[in-house]
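J.: Model the full structure from these sequences, guided by the hints.
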Amino acid sequence: MKNTVLHKANTRGHADHGWLNAYHSFSFASWYNPERVQFGTLRVLNDDTVAAGMGFGEHGHDNMEIITIPLEGDLAHKDSMGNAETIKTGDVQVMSAGTGIRHSEFNPNHDQRTKLFQIWLFPRTKNVTPRYQQITLNVSEQKNNFAQILI
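Sequential numbering of the sequence shown, starting at 2, is according to this note's numbering.
I should point out that these hints are in silico values taken from the structure, not numbers from a laboratory.
Careful: at least some of the hints might be erroneous.
Calculated lysine-lysine pairs in the DSBU-like style (CA-CA distance at most 30 Å, straight line) [said to hold, decoys possible]: (1) K9 to K116; (2) K144 to K89; (3) K144 to K3; (4) K89 to K79; (5) K116 to K144; (6) K79 to K116; (7) K116 to K89; (8) K127 to K79; (9) K9 to K144; (10) K9 to K79.
Computed from a predicted structure; not experimentally measured.
T.: Here you go:
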């Protein structure tokens, strides 16, 4: 028998920093709920809105798989591996932080917000060489269909 875990949207953590409006499905930053720290290897599921021209300055991560999916607008990414990409609606970015990576991400548009999901997973293997991957999906083909985007 399978158990169903349901977390309704209105029970998520919330932080409005003016330039960032974030909803947290699991404990994150200043929001802490001891019953919602992670779900298996899923550590973060954030629903973020970044104001036009704003973003996250350079910061570091290690031993985390980070998936970014813009739902509206763009997100510019730069990292310590030399990647400098713009993630657009329909793109999926995967960054394996491994032994450590520094990066920044910001909304390059000065007239439009960026809405995105950011998902963090604990890696199967720790301390791997960091890597970056970005793919573009055909959004019209994906409507009401599943697509494997990670292996």
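J.: Does each hint hold? Answer for all of them.
T.: We went through each hint and held it up to the structure:
1. Straight-line distance between C-alpha atoms of K9 and K116 comes to about 19 Å, which keeps the hinted pair within the 30 Å bound.
2. Taken as a hint, the K144 and K89 pair is honoured in the structure, with Cα atoms around 17 Å apart against an allowance of 30 Å.
3. Only pairs whose Cα atoms come within 30 Å are accepted, and K144 paired with K3 is accepted, the gap being roughly 27 Å.
4. About 14 Å separates the Cα atoms of K89 and K79, which keeps this hinted pair within 30 Å; it holds.
5. Simply put, K116 and K144 have alpha-carbon atoms about 18 Å apart, close enough for the 30 Å limit, and the pair holds.
6. Of the supplied pair hints, the one linking K79 and K116 holds, its CA atoms being roughly 18 Å apart against a limit of 30 Å.
7. At most 30 Å may separate the alpha-carbon atoms for a hinted pair to count; K116 and K89 meet this at roughly 10 Å.
8. Between K127 and K79, the direct Cα distance comes to roughly 23 Å. Compliance with the 30 Å bound is thereby established for this hinted pair.
9. Between K9 and K144 the alpha-carbon distance is near 23 Å, which keeps this suggested pair within the 30 Å criterion.
10. For a cut-off of 30 Å, the pair hint linking K9 to K79 is broken: about 34 Å separates their Cα positions.
The earlier numbered hint that this structure contradicts is number 10, and it is the only one.
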